[in-house]
Amino acid sequence: MTDLTIGMAPTARPRESAESGPKELVVGIDLGTTNSLVAYMDRGVPQVIRDAEGRGLVPSVVAFGPAGPVVGDAARRMLVRQAERAVYSVKRFMGKGFEDVREELRYFPFHVTPSQEIVRIRIGDRELTPPEVSALILRELRTRAERHFGRAVEKAVITVPAYFNDAQRQATKDAGRIAGLDVLRIVNEPTAACLAYGLQRRKEGIIAVYDLGGGTFDVSILKVKDGVFEVLATNGDTHLGGDDFDRALVDLVVDELRARHRVDVSGEAETLQEIRLGVEAARVLLSSEERTVFTLPLPQHSLTYRRELTRAELESVIDPIVGRTLGPSRAAIGDCGLPLERIDEVVLVGGATRTPLVRRRVEELFGRLPHSELNPDEVVALGAAVQADILAGGTTHMLLLDVTPLSLGIETLGGAVSVLIPRNTTIPTSAKEGFTTSVDGQSVVDMHVVQGERDLAKDNRSLARFDLRGIPPMPAGLPRIEVTFLIDANGILSVTAKEIRSGTQASVEVRPTYGLSETEVERMIDESLEHAEADVQARGLIDARNEAVTVLRATEKALVQGADFLGAEEAARIREAVAALAVARQGEDAGAIRAATDRVNHETQELAERLMDSALRDSLRQRRVVDVPAGEGR
Amino acid sequence: MFGGQFVGVVTERSGSKCWSCGASAPDGDVCPECGRLQPFPAGSDHWTVLGLERGLGLDRSDLQERFHRLNRRLHPDYFRLRSPEEQAISLEASAAVNAAYRALRDPVGRVEYLLELEGMALGTAGQAKPPADLFEEILELQEARMELQTADAEEVPALRARLESAREELEPRRAGAEAELAACFPEWDAGDDATRRRVLGRMRDILATRAYLRTVLRDLGSALAVDQDGGSADR
Numbered sequence: 001m002t003d004l005t006i007g008m009a010p011t012a013r014p015r016e017s018a019e020s021g022p023k024e025l026v027v028g029i030d031l032g033t034t035n036s037l038v039a040y041m042d043r044g045v046p047q048v049i050r051d052a053e054g055r056g057l058v059p060s061v062v063a064f065g066p067a068g069p070v071v072g073d074a075a076r077r078m079l080v081r082q083a084e085r086a087v088y089s090v091k092r093f094m095g096k097g098f099e100d101v102r103e104e105l106r107y108f109p110f111h112v113t114p115s116q117e118i119v120r121i122r123i124g125d126r127e128l129t130p131p132e133v134s135a136l137i138l139r140e141l142r143t144r145a146e147r148h149f150g151r152a153v154e155k156a157v158i159t160v161p162a163y164f165n166d167a168q169r170q171a172t173k174d175a176g177r178i179a180g181l182d183v184l185r186i187v188n189e190p191t192a193a194c195l196a197y198g199l200q201r202r203k204e205g206i207i208a209v210y211d212l213g214g215g216t217f218d219v220s221i222l223k224v225k226d227g228v229f230e231v232l233a234t235n236g237d238t239h240l241g242g243d244d245f246d247r248a249l250v251d252l253v254v255d256e257l258r259a260r261h262r263v264d265v266s267g268e269a270e271t272l273q274e275i276r277l278g279v280e281a282a283r284v285l286l287s288s289e290e291r292t293v294f295t296l297p298l299p300q301h302s303l304t305y306r307r308e309l310t311r312a313e314l315e316s317v318i319d320p321i322v323g324r325t326l327g328p329s330r331a332a333i334g335d336c337g338l339p340l341e342r343i344d345e346v347v348l349v350g351g352a353t354r355t356p357l358v359r360r361r362v363e364e365l366f367g368r369l370p371h372s373e374l375n376p377d378e379v380v381a382l383g384a385a386v387q388a389d390i391l392a393g394g395t396t397h398m399l400l401l402d403v404t405p406l407s408l409g410i411e412t413l414g415g416a417v418s419v420l421i422p423r424n425t426t427i428p429t430s431a432k433e434g435f436t437t438s439v440d441g442q443s444v445v446d447m448h449v450v451q452g453e454r455d456l457a458k459d460n461r462s463l464a465r466f467d468l469r470g471i472p473p474m475p476a477g478l479p480r481i482e483v484t485f486l487i488d489a490n491g492i493l494s495v496t497a498k499e500i501r502s503g504t505q506a507s508v509e510v511r512p513t514y515g516l517s518e519t520e521v522e523r524m525i526d527e528s529l530e531h532a533e534a535d536v537q538a539r540g541l542i543d544a545r546n547e548a549v550t551v552l553r554a555t556e557k558a559l560v561q562g563a564d565f566l567g568a569e570e571a572a573r574i575r576e577a578v579a580a581l582a583v584a585r586q587g588e589d590a591g592a593i594r595a596a597t598d599r600v601n602h603e604t605q606e607l608a609e610r611l612m613d614s615a616l617r618d619s620l621r622q623r624r625v626v627d628v629p630a631g632e633g634r
Numbered sequence: 001m002f003g004g005q006f007v008g009v010v011t012e013r014s015g016s017k018c019w020s021c022g023a024s025a026p027d028g029d030v031c032p033e034c035g036r037l038q039p040f041p042a043g044s045d046h047w048t049v050l051g052l053e054r055g056l057g058l059d060r061s062d063l064q065e066r067f068h069r070l071n072r073r074l075h076p077d078y079f080r081l082r083s084p085e086e087q088a089i090s091l092e093a094s095a096a097v098n099a100a101y102r103a104l105r106d107p108v109g110r111v112e113y114l115l116e117l118e119g120m121a122l123g124t125a126g127q128a129k130p131p132a133d134l135f136e137e138i139l140e141l142q143e144a145r146m147e148l149q150t151a152d153a154e155e156v157p158a159l160r161a162r163l164e165s166a167r168e169e170l171e172p173r174r175a176g177a178e179a180e181l182a183a184c185f186p187e188w189d190a191g192d193d194a195t196r197r198r199v200l201g202r203m204r205d206i207l208a209t210r211a212y213l214r215t216v217l218r219d220l221g222s223a224l225a226v227d228q229d230g231g232s233a234d235r
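Protein sequences appear in the order of chains X and F. Take 1 as the starting number for the first sequence in my numbering and just add one per residue. Take 1 as the starting number for the second sequence in my numbering and just add one per residue.
The shape of chain F in the complex, shown without the other chains (with noise of 0.2 Å):
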């Protein structure tokens, strides 16, 4: 949702033609003939601003160099004595980079977003399944959840363990989908246009569930975390 790419408010691209000059210029750097910053062409995907072929299997480090080294070029801070126009397209082209870096440094956001552009999304909190495993289980540590937050000193303790070790035995899960999520990277980025879908579905419901555990991870830490600290952390 908010990886959306800027259509440049000031300057049109035709091709990759200089803005200012005509001559030929890549997208996201200066001219060689006129020097001036040219914007990334409308509706490039994450991927292509950064100089990256549409994949899943990604190197997070290349990644990060690749967000300086593109910052390191355009941010706003190096335009600040140049045209408007140039500014502009700095500021744009800057907040590009930074929203494809975020979007596709982390797997998960990876895949939200491939399921974004191929309208797959997964919309908000409504979607998120239980692991029909796990389902009874979760109703009850709900319970206990709750419980706490009434519960009388001496009880604490024993709702306190409970709580603390389904933390323990869920986070491994969590931590699984996301394995289980990655694993699918090979096959995506090998497949042809049929297996993708496919994988694509199966990713889909990865992280359905990892939405899910997390939520009920979230909910069990701020209960630990609100009775741990006894409100000395934030009046």
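The following block holds chain X by itself, in its conformation from the complex (with noise of 0.2 Å):
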């Protein structure tokens, strides 16, 4: 990439100016659980890409239509009309297995293939990962900031929840990989918006992030000194936010309609995704007012259902789930190591926090007024943006320093957890270990890998097998091997290992337990790209199909008007033209139809121009009775 769109002067020394060369173009890309957006930065300020009617958020809906996939509002338009064809929420997919979704899968209305592996989404007769899903979300965002910059851009830093695991990183990288992105970096929500929030206010001092989403819930608290961004603590929940309101809205409306109404909606997707999005915008508006009322007409059932639903009735249906926000909160300020008086400032983030409920609970937790000038959607996307720059080599006065949000380690005999990374530590870091074999001649040692807080492997996450093979033939307990987990910037480990007394590099396989492996990743990359070709095609055929019914509409029409005009041969040739077009709109061909569109169109050329000369002369002779003075013609 050599031109350059933002002019930056080179603050580094001349020497390393003349290797880096030119800023690249790196977009900052908030990919959220009900609404993503793109940012860049202008000449040192963040700015949200917008569509031309100014929206910037883009709803992380994907709809799978007959011409190929739909992403956004008209992806969320066909969630009441054919559900089980949309996917929304996907990031609460992303990283896991199908067992730990099972639960929640009643609440959405497209179906999961039962596996012991990464969750399959079933679609028609294409089955989709989480990654793919997010892909085609990514791709959206990436031609909106194409169609910007009248430019090819092909790097981004993405956000993702503090808390995600290395799984749930590992699966945002790849659905950018498959987007065609490459993402220079993985950056934490609550840390990319204290970086774009910093940059606004200039403040330096500790500073808490509470940032409650869609679906995912951080808590991360930073020291910023120097235009350096130190977080202390972060803690979580990937399971918790806005969405879970809105299920126990509709947990109540189903509940009202059964026992009122007799009416069981249970079953009916498109019913209940009309419910899920009516709670959702009621519950918005009770943000700013007291009390709304909520319509649901159900002509299926002859019948139609009202019902107030005010704050208050809100806040106690929602007031158990914002309490789940607490706990993860008061650990990260006990493990942030400052008493809670040395907070200076509470930013909130997150469509969910603005409401009123969550901004009290805050308040209380922390004992000082929240901050919400920047707008809550949009703040993260403008961290990333920072981010972003700084890696485009553009800023230099800023650095984000963050912590790995789990601990990681290694299960050991009989099962326990043995810690090599404690949570909160400082990123990258690495950690050494050393093992040893336990029969004569063994040239595999098996390690299992595991991300949480907990004692015992088994109540953690298990991010993956290792086999470390290549080692010399020796007697047990004789060869040391060295193995190196490194957590990179991203949050992402890599590992590698090394048998000591022979200095062999022993190779390490990786088995991601609830990923995507290498080749797979790349078959999806190969996929989208034929995907991307077949919808394009698909599209193609469906507005050339369009685009013939419309001129073979307009040409019957020209044909009974212009009667008095035609020649027989012309009209004769016209037929024949006509004829052909309705057999090659039964095809499969666009380019065919377009041809035999382009044929009608030429042919009916003069009697159009002929048409158009006579409504020419018609609407002047129309004029002329207008133009008779005033009194005589009404």
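Honestly, the hints are just simulated from the structure, not real lab data. Note that the Cβ used here is the ideal one computed from N, Cα and C, for glycine as well. Take every hint as true, because none was put in to throw you off.
Which residues of chain X face chain F? A partial, calculated answer using Cβ under 8 Å:
1. K225
2. G393
3. L401
4. T426
5. S430
6. L486
7. D488
Far from chain X, some chain F residues (derived; all Cβ distances over 12 Å):
8. T48
9. E136
10. L139
11. R198
Take the two lone chains and join them into the complex the hints point to.
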């Protein structure tokens, strides 16, 4: 990449600037549970990229229509028409196994194939993993950015909840790759928000970020000093957010319908989506209003459900859910090693923090009024843009020092965990651990890496199993295998191993427990390109057919209207072209349809001109009538 | 354990010569001749990485300033557009700085690291030692803690009060252990080899007591917290 849109004076030493070259184009993406957005740094100021109507948010919904996948508002509309072909909140499934999400599947209209491994979503005859669905959202954002810049966008920083584990981070990175993006960095959402906030306010001190989004909750405590944003502690729950408020409300409506109206809608996917979108709108409204009326027409049950909902009632429903954010918040405060009074500011991030109850609870917990000057829906993407600019060599006065949210350990004999890297360790970080063999001549050692805070391996998140291969044959207990675990600045783990006595590099074979293997990711990249092509073709065919129908209708009309001007030969040529198009339209060949359409247009051109002239004459005649002096025409 | 230094995987260093141009260059900084980042020598300890002499009396804000300053110089964010060698050096050097800061900023971690370097590491929980004068009381406490889990509603307040007061009694003991530890620092820093060995042994005993108290306090804390939140904070 050589051209430069943002002129930045090289701040590095002259020797460095010669090597680093011009600044690259790197965008920042907030891949949210409910909404996603893309931003970039414009001369030191982060900006959200908006569509023609000024909307920055792209609903994180993907629908699979006849013309291939659609993303955003169009997909959201499909939820209430063909619910089983639309996927939303896919972020809750990233890096998860079927068993992890089984409980909540009843809330989703789409089908998930039972399996031992990664979640697979079934849409018609196609099966998609969460990274593939996320890739479609990323592709949409990428296209939006490319339209904005008028050139290819290939590099991005993507945000994830701070409490995402290794598998969830890896899944996000894979999604980026499938979407054709080189993901330069995975950044934690609350940290990104703090970066944007810090840039805006230029304030130093201890800042707590309370981030309650659509599906995830994070709390991070940072120290900001001299442009260094050091995360002191982080905690959270990757399955807690506004979605859960809506679920509680959906359950309330469904239960009431059953109890009061003897109507069971629990099997009606589209109705459930209508209720979900309805209660979501009501909930959002109740952030500013005291009461609202929720109306749901149910013609299939000859019933219209109407119900008043007050803010107090909403709060009693969601209070237990909001309460679940307090434990992680207290844990983060405890882990940061500072008394509560040392926290200078509390910043609110995520759409769900607009809820007055959430604000009250946060205020009670931290003992101070939280800040929300920056748009809580956009601040994460803005921070991602800042980090993107740091990596592109633009911003050099800021640096993010983040932490790994969960302890990393290995399973030891008896199923206990030996912690190698404790939670809240600044990344990048590394740890070394020694291993040996238990059988004479053993050449393979098996290891199980887990992430989490529990004492037993089985209670933690299984990240991967590793085989150390290529150990030279030696008596049992003699080899000294040194394994190095490295968590990079993305919070992603890599492992290398070495046998010390012989100096041999043992090879490490990774078997991710709930992820995609390298081969799978590559296959998906290929498939997504194929699908993209297939999708473009499918859409082309539909467009061509629609165009054909429009032209056929117009021609039929013209043949009637223009009967007086038509010569017999001309009429025959037109009818022949029309017949050809009618046949082509039934076929699958978009090119043939377009050609037949062109022929009809060509044959009817003269007729159209004559009709136009005649219409013009008519309109002139009409005008003359109108021109008759006022009074007489009335 | 997690303080292990990186052995440069890409480049092995010889003395303080730049790996790229051979000029004399400082460790963990850029070469004054060619501008390339230099790794820390293999086997550097945490003090060396942060540019300090080995010692226990450290100023926390000075440590933090070094931690920030070094990361501003060698964090991988600033080397993304450089050669793969420099990227690897930056990643490893930054990981070494982070590990050093983490281990040294906390006085207890500092002593634990020193014990590990001297081959006197405390090891896992098995070596935690109860303070002799409190042994009986702690046993009783553990029983009260168990009782709380199955107690009837009317017994709860009394048991809670008992555990609360035990916590208030033990907390200062733990803080006391930490103060006792810190009091050893000047002696170790100024002492000769024999003194240092003796002081190190004493610090090891203090750590063992502290580890025990910490476990008891954690158990008490979680027993009281679970009861208080009634499971609402954590489903």
